[in-house]
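Protein sequence lines, in the order shown, are assigned to chains A and B. Each residue of the first sequence is one higher than the one before, counting from 1 in the numbering used here. Each residue of the second sequence is one higher than the one before, counting from 1001 in the numbering used here.
I should point out that these hints are in silico values taken from the structure, not numbers from a laboratory. Do not take every clue at face value.
Straight-line C-alpha distance at most 20 Å; calculated SDA-like pairs for lysine to any residue [claimed, not checked]: (1) LYS119/A to VAL213/A; (2) LYS114/A to SER1257/B; (3) LYS119/A to SER1256/B; (4) LYS114/A to PRO58/A; (5) LYS119/A to LEU1014/B; (6) LYS114/A to VAL1018/B; (7) LYS114/A to TRP1007/B; (8) LYS119/A to LEU1021/B; (9) LYS114/A to TYR1176/B; (10) LYS114/A to VAL213/A; (11) LYS119/A to GLN1135/B; (12) LYS114/A to LEU101/A; (13) LYS119/A to GLY1229/B; (14) LYS119/A to ARG1003/B; (15) LYS114/A to LEU1110/B; (16) LYS119/A to VAL1013/B; (17) LYS114/A to ALA1159/B; (18) LYS196/A to LEU167/A; (19) LYS114/A to LEU188/A; (20) LYS119/A to SER1257/B; (21) LYS114/A to SER1256/B; (22) LYS196/A to LEU1014/B; (23) LYS114/A to ARG1003/B; (24) LYS196/A to PHE1025/B; (25) LYS114/A to VAL1012/B; (26) LYS114/A to LEU125/A; (27) LYS114/A to LEU1260/B; (28) LYS114/A to ARG1006/B; (29) LYS114/A to ARG1261/B; (30) LYS114/A to HIS1011/B; (31) LYS119/A to VAL1069/B; (32) LYS114/A to VAL1013/B; (33) LYS114/A to VAL1016/B; (34) LYS196/A to VAL1013/B.
Stretches of chain B that chain A covers, calculated by requiring three or more beta carbons in the stretch to come under 8 Å of a beta carbon on chain A [what the hints assert, rightly or not]: (35) 1052-1063; (36) 1157-1163; (37) 1192-1202; (38) 1243-1257.
By construction, the Cβ of each residue, glycine as well, lies at the ideal position given by its N, Cα and C atoms.
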Amino acid sequence: MSALTEAEATTGGGGPQPGRRRTRRWTGYLLLLPGALWLLLFFAVPTMQLVATSLYDPNGSLDTGYAMTWSWTNYLDAISTYREPFLRSFLYAGSATVLALLLGYPLAYAIAFKAGRWKNLMLVLVIAPFFTSFLVRTLAWKSILSDNGFVVDALQAVGLLGADGRLLATGVAVVTGLTYNFLPFMVLPLYASLEKIDPRLVEAGSDLYAGAVTSFRTITLPLSMPGVVAGTLLTFIPSAGDYINTRLLGTPQQYTIGNVIDNTFLVQLDFPIAAALSVSLMVAVVLLVLVYVRRAGTEKLV
Amino acid sequence: MGRLGRWVSEHVVLFVGVLVLLYLFLPIFFVVLMSFNDPTSRLAYEFQGFTWDNWLSPCAPFGLCDSVVRSLQIGLLATLGATALGTLMAFALVRHRFRGRSTTNLLIFLPMATPEVVLGSSLLALFTGAGLSGQLGFWSILIAHIMFCLSFVVVTVKARLSGLDARYEQAAMDLYANEWQTFWRVTFPLVFPGILAAALLAFSLSFDDFIVTNFNHGNTITFPMFVWGSAQRGIPPQVNVVGTVMFLLALLLVLSSGLLRRRRTR
Chain A
1 MSALTEAEAT TGGGGPQPGR RRTRRWTGYL LLLPGALWLL LFFAVPTMQL
51 VATSLYDPNG SLDTGYAMTW SWTNYLDAIS TYREPFLRSF LYAGSATVLA
101 LLLGYPLAYA IAFKAGRWKN LMLVLVIAPF FTSFLVRTLA WKSILSDNGF
151 VVDALQAVGL LGADGRLLAT GVAVVTGLTY NFLPFMVLPL YASLEKIDPR
201 LVEAGSDLYA GAVTSFRTIT LPLSMPGVVA GTLLTFIPSA GDYINTRLLG
251 TPQQYTIGNV IDNTFLVQLD FPIAAALSVS LMVAVVLLVL VYVRRAGTEK
301 LV
Chain B
1001 MGRLGRWVSE HVVLFVGVLV LLYLFLPIFF VVLMSFNDPT SRLAYEFQGF
1051 TWDNWLSPCA PFGLCDSVVR SLQIGLLATL GATALGTLMA FALVRHRFRG
1101 RSTTNLLIFL PMATPEVVLG SSLLALFTGA GLSGQLGFWS ILIAHIMFCL
1151 SFVVVTVKAR LSGLDARYEQ AAMDLYANEW QTFWRVTFPL VFPGILAAAL
1201 LAFSLSFDDF IVTNFNHGNT ITFPMFVWGS AQRGIPPQVN VVGTVMFLLA
1251 LLLVLSSGLL RRRRTR
């Protein structure tokens, strides 16, 4: 409430007593404390515990307990064993992100500049599918892409898919689901940054004989970069760790690192290796994000 | 070419946009459709016949309605917790000076930038390390949900609060309102839409969460856990009834709040 303090100072309404000023200095910390403690206890400490677990002796078990042996080899074991699902995670997440950008940009652009009085309705429609359970929507894709469904029929009719070809249980189905599930995370930041663009800039461009393509390439696109960066990150990060789409729309051949972590923790109960995989995923995502943000030059984002 | 080209390009974007919206809605159509499905076998994912039965007996599959109730309970409590803690944090960040601001910002940002599977597994590592793996359930789900909703609440309320014109508060103080009155009569009502939006976001995040819950649920079955569990045995069509009802309720909420806002501005 520093603004209030200033207000009081400017109105000169009775100088604050020294005692009250001291309590006010602590108010910030007091307001912050419960939330910060919660995040510290249930986000920061668990992350450290995860790192510690990843270095435990892999020969231990949940029953006998684990000993801390600083087994860095857990990481080598984990990554060499599960290199394929690891790479697949990034391949699927990358494809879904690119597709979401290709689909999301025209939608965000249409809402920002072409929707007119339908703007608010279209925004509500972008968020609306969110209101139904993630799992139920993903299962709906199972019906849509099913072997006798209209999508497969249509693709077979135009020869894009062989007579016995299928979509379900393939990488295509998984990427379709991922793209779908995280598309709103792409559209909303894109819309937010497109909406801020002053239309007079584009008009000025066309006054100077820039065609539609040129003015898009030199004015609209560069100004919407913060939205592109935020949107791609918000799509990429959750899809890299997602294992719902692979499980429901794919087969074990499509499993990604999320499936492996889930299985190693909860079925095999091999905590050190599972933790090593989890930490590797986090480090890989953070590194990729840092490199990407550096490249895209939007440092204000964080 | 000029005028025609412009007309085409103008409407092509809108047309593509509407197509993408249809892509977003395709699964919703199927959820509604499948809620009327009369499947001949348990593992059928195709529409096989029309029936009202699923809507007349939504609680028929064992455990379905219990899981919805459990998710509602956890969702409400997590929303209360995360909204209270997050709103306080947002006020501290926007209105107060304190040391360690960048560390705090990092602590708020990182949970949003971490894949859910990492959040869930690290909490499991913590609880197991503390010897609590046998007692996981309602409370551990609640702790986890408050944790990952918190950051989203802070960001949402912060956006509203930092967009607030400080002159409203100064005017109230000029008119001899004390700090307490200024806060409850001016600041809070102005920030309230942000808090409400944050609460709605928190509720939908909590109600819908599967991955973090899956690591920390013990034997407690939330609605997403129920869906996941039955995906292997065959999804009862009633799950789609729940999905449709959720969608309709939320849509009603959003549309009515939109109408209310319009009436108020008029």
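Query raised in the report: Hint by hint, which ones does this structure get wrong, listed from lowest number up?
Result: Numbers 1, 2, 4, 9, 11, 13, 14, 15, 17, 18, 21, 24, 27, 29, 31, 35, 36 and 37, in rising order.
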